[in-house]
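Visitor: Sequence:
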Amino acid sequence: GKNRRIVGGSTVQPHQYPWLVALMVGSKLHCGGAIITDKHILTAGHCITFGVNYKDLSVYIGMHDRLDPTQNIFYLSNGVKHPKFTSNAVRDVNDIAVLTLEKKVVFSNKVRPICLPSQDLDFRNIPLTVAGWGKTRQGALTSSRYLLETRVKIVPSDVCGRSSIYKDNLVPDTMMCAYS
125 GKNRRIVGGS TVQPHQYPWL VALMVGSKLH CGGAIITDKH ILTAGHCITF GVNYKDLSVY
185 IGMHDRLDPT QNIFYLSNGV KHPKFTSNAV RDVNDIAVLT LEKKVVFSNK VRPICLPSQD
245 LDFRNIPLTV AGWGKTRQGA LTSSRYLLET RVKIVPSDVC GRSSIYKDNL VPDTMMCAYS
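Heads up: the sequence shown is residues 125 to 304, going by this note's numbering.
Read the hints as simulated data drawn from the structure, not as lab findings.
What you are looking at is a predicted structure, and each value in this text was computed from that prediction instead of being measured.
The hints are all genuine.
Here are the simulated lysine-lysine pairs, DSS-like style, with alpha carbons at most 25 Å apart:
| # | residue 1 | residue 2 |
| --- | --- | --- |
| 1 | Lys163 | Lys227 |
| 2 | Lys227 | Lys152 |
| 3 | Lys152 | Lys179 |
| 4 | Lys259 | Lys277 |
| 5 | Lys227 | Lys179 |
| 6 | Lys179 | Lys208 |
| 7 | Lys152 | Lys163 |
| 8 | Lys228 | Lys163 |
| 9 | Lys234 | Lys163 |
Listed next, with one range per pair, are the computed distances between beta-carbon atoms:
| # | residue 1 | residue 2 | range |
| --- | --- | --- | --- |
| 10 | Asp192 | Lys227 | 16 to 24 Å |
| 11 | Asp192 | Asp162 | 16 to 24 Å |
| 12 | Val204 | Ser182 | 12 to 20 Å |
| 13 | Asp162 | Lys208 | 22 to 30 Å |
| 14 | Asn202 | Gly263 | 30 to 38 Å |
| 15 | Phe231 | Ser182 | 15 to 23 Å |
| 16 | Ile250 | Asp180 | 30 to 38 Å |
Every residue gets a Cβ at the ideal spot worked out from N, C-alpha and C, and that includes glycine.
Hey, can you work out the whole structure from these sequences and the hints?
Guide: This is the structure in structure tokens:
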């Protein structure tokens with residue numbers, strides 16, 4: 125949602141998550157995404173909303189250090205949000221989008237699509253990892269230079285709903301709640 129942070133995260137090894145991409149507006153980090161095919165990136169719907177069109181984005185693939193000048197940069201030919209995507213000041217619902225690259229990505233040990241779990245996998249008791257170049261603390265002005273990760277766990281919707289941070293944000297049918 126709106127809290128794009130990797131608080132308490134630690135730097136990962138370069139190319140540890142070869143499916144992660146950075147969506148940039150100019151030289152500024154805008155959002156993250158995941159490679160799902162050699163021409164498609166999965167990201168959040170809010171990443172192509174509020175005055176940012178898919179045409180404004182460049183996709184940095186295989187990136188670890190945001191300041192490395194030798195980035196593998198791709199451009200987009202299309203971006204489609206979920207047909208029932210909605211957003212307001214508190215939450216984004218059906219917050220998902222698929223971006224289409226102008227040219228195909230060549231896969232290697234440093235760049236490959238994400239492996240998706242089976243539909244019936246129960247995440248409730250599995251430790252999960254969140255990774256990205258998000259802000260490392262509340263109120264930070266810039267994003268992390270290096271790709272970070274942190275561990276989280278799924279929290280039941282009723283427990284999450286009692287939290288002052290999440291109670292107005294959670295839509296149990298389309299979201300899951302996770303924190304450390």
